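**Student:** FYI, full-length UniProt numbering numbers position 118 of the sequence shown as 118, with every residue one higher than the one before it.
Watch out, some of these pointers could steer you wrong.
What the hints assert, rightly or not - Capping the alpha-carbon separation at 30 Å, the derived lysine-lysine pairs in DSBU-like fashion look like this:
{"id": "1", "residue 1": "K26", "residue 2": "K63"}
{"id": "2", "residue 1": "K70", "residue 2": "K131"}
{"id": "3", "residue 1": "K63", "residue 2": "K89"}
{"id": "4", "residue 1": "K30", "residue 2": "K113"}
{"id": "5", "residue 1": "K15", "residue 2": "K131"}
{"id": "6", "residue 1": "K113", "residue 2": "K63"}
{"id": "7", "residue 1": "K8", "residue 2": "K30"}
{"id": "8", "residue 1": "K3", "residue 2": "K30"}
{"id": "9", "residue 1": "K15", "residue 2": "K3"}
{"id": "10", "residue 1": "K63", "residue 2": "K8"}
{"id": "11", "residue 1": "K70", "residue 2": "K89"}
{"id": "12", "residue 1": "K15", "residue 2": "K26"}
{"id": "13", "residue 1": "K89", "residue 2": "K26"}
{"id": "14", "residue 1": "K26", "residue 2": "K113"}
{"id": "15", "residue 1": "K89", "residue 2": "K131"}
{"id": "16", "residue 1": "K70", "residue 2": "K3"}
{"id": "17", "residue 1": "K113", "residue 2": "K3"}
{"id": "18", "residue 1": "K63", "residue 2": "K30"}
{"id": "19", "residue 1": "K131", "residue 2": "K8"}
{"id": "20", "residue 1": "K131", "residue 2": "K113"}
{"id": "21", "residue 1": "K8", "residue 2": "K70"}
{"id": "22", "residue 1": "K26", "residue 2": "K3"}
{"id": "23", "residue 1": "K113", "residue 2": "K8"}
{"id": "24", "residue 1": "K15", "residue 2": "K63"}
{"id": "25", "residue 1": "K30", "residue 2": "K15"}
{"id": "26", "residue 1": "K131", "residue 2": "K3"}
{"id": "27", "residue 1": "K70", "residue 2": "K26"}
Said to hold, decoys possible - Label pairs and their calculated CB-CB ranges:
{"id": "28", "residue 1": "D162", "residue 2": "E60", "range": "17 to 25 Å"}
{"id": "29", "residue 1": "R134", "residue 2": "N203", "range": "35 to 43 Å"}
{"id": "30", "residue 1": "N207", "residue 2": "E69", "range": "46 to 54 Å"}
{"id": "31", "residue 1": "G19", "residue 2": "F199", "range": "33 to 41 Å"}
{"id": "32", "residue 1": "G122", "residue 2": "N203", "range": "21 to 29 Å"}
{"id": "33", "residue 1": "P85", "residue 2": "L127", "range": "13 to 21 Å"}
{"id": "34", "residue 1": "N194", "residue 2": "A146", "range": "42 to 50 Å"}
Source of the hints: derived by calculation from the structure; they are not laboratory data.
This one's a predicted model, so the numbers in the text were calculated from it and none came from an experiment.
C-beta atoms are modelled at their ideal positions from N, C-alpha and C, and glycine is treated no differently.
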Amino acid sequence: CGKSTLLKIIGGFEKATSGSVRLEGKEIRKPGADRMMVFQNYSLLPWLTVRENIRLAVDEVLKNANRAEKITIVNEHLAMVNLTPAADKYPDEISGGMKQRVGIARALAIRPKMLLMDEPFGALDALTRGKLQRQVLDIWEHNRQAVMMITHDVDEAIYMSDRIILMTNGPSANIGEILTVPFAHPRDRMAMRNSTEYFELRNHALNFLDQNFTPEE
1 CGKSTLLKII GGFEKATSGS VRLEGKEIRK PGADRMMVFQ NYSLLPWLTV
51 RENIRLAVDE VLKNANRAEK ITIVNEHLAM VNLTPAADKY PDEISGGMKQ
101 RVGIARALAI RPKMLLMDEP FGALDALTRG KLQRQVLDIW EHNRQAVMMI
151 THDVDEAIYM SDRIILMTNG PSANIGEILT VPFAHPRDRM AMRNSTEYFE
201 LRNHALNFLD QNFTPEE
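Please work from the sequences and hints to get the whole structure.
**Tutor:** Listed below in structure tokens is the structure:
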């Protein structure tokens, strides 16, 4: 239904066939440092260490920062995602969950106004996915910047979102519904799942998907 395409348009990687996208009143026409994308496939440079992957982004965007400031920024974001012990390892020496944390740290290190996440946990096992969901929420609670995340997982959407945008199916997909998630931060996953509000919201979202999507033949 074009969810990833929508994210790429917001990121400036693709052009919309009609209409426009604006951030703080400014029309988005190309990629920019005010919007950073975290992909499912990690997108790390294999010949650079964890530290160097983050530092490369900082060097490219924060050109006015001096060397000491850049080192501090990199170290702060390594610590933010609990990767300080792995800072000098290469991507092929760390797990998938750690690679995704590098991508998140790299995106946040350049201080974007908006973080765009395209199914960032889709390739991870359930345990790692749950830990990263909590970690991203902790980071968001500290930074309070706008985040837009694509997911096919209804439970993930409820746990991590303040608003859930449900898209219709087909080439002419559009916004079907916008649901408000009624749970305050910080969130307790188990307490949420034991609440009536959680199951009502979950069932509402699943019913929407059942009505708007048909299994492939």
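**Student:** Determine for every hint whether it applies to the structure shown.
**Tutor:** Hint by hint, here is what the structure shows:
| no. | hint | verdict |
| --- | --- | --- |
| 1 | K26 <-> K63 | holds (23 Å) |
| 2 | K70 <-> K131 | holds (28 Å) |
| 3 | K63 <-> K89 | holds (25 Å) |
| 4 | K30 <-> K113 | holds (15 Å) |
| 5 | K15 <-> K131 | violated (35 Å) |
| 6 | K113 <-> K63 | holds (17 Å) |
| 7 | K8 <-> K30 | holds (10 Å) |
| 8 | K3 <-> K30 | holds (18 Å) |
| 9 | K15 <-> K3 | holds (14 Å) |
| 10 | K63 <-> K8 | holds (25 Å) |
| 11 | K70 <-> K89 | holds (19 Å) |
| 12 | K15 <-> K26 | holds (15 Å) |
| 13 | K89 <-> K26 | violated (39 Å) |
| 14 | K26 <-> K113 | holds (13 Å) |
| 15 | K89 <-> K131 | holds (21 Å) |
| 16 | K70 <-> K3 | violated (34 Å) |
| 17 | K113 <-> K3 | holds (20 Å) |
| 18 | K63 <-> K30 | holds (20 Å) |
| 19 | K131 <-> K8 | holds (26 Å) |
| 20 | K131 <-> K113 | holds (24 Å) |
| 21 | K8 <-> K70 | holds (28 Å) |
| 22 | K26 <-> K3 | holds (22 Å) |
| 23 | K113 <-> K8 | holds (16 Å) |
| 24 | K15 <-> K63 | holds (28 Å) |
| 25 | K30 <-> K15 | holds (8 Å) |
| 26 | K131 <-> K3 | holds (24 Å) |
| 27 | K70 <-> K26 | holds (28 Å) |
| 28 | D162 <-> E60: 17 to 25 Å | violated (31 Å) |
| 29 | R134 <-> N203: 35 to 43 Å | violated (24 Å) |
| 30 | N207 <-> E69: 46 to 54 Å | holds (51 Å) |
| 31 | G19 <-> F199: 33 to 41 Å | holds (36 Å) |
| 32 | G122 <-> N203: 21 to 29 Å | holds (23 Å) |
| 33 | P85 <-> L127: 13 to 21 Å | holds (20 Å) |
| 34 | N194 <-> A146: 42 to 50 Å | violated (30 Å) |
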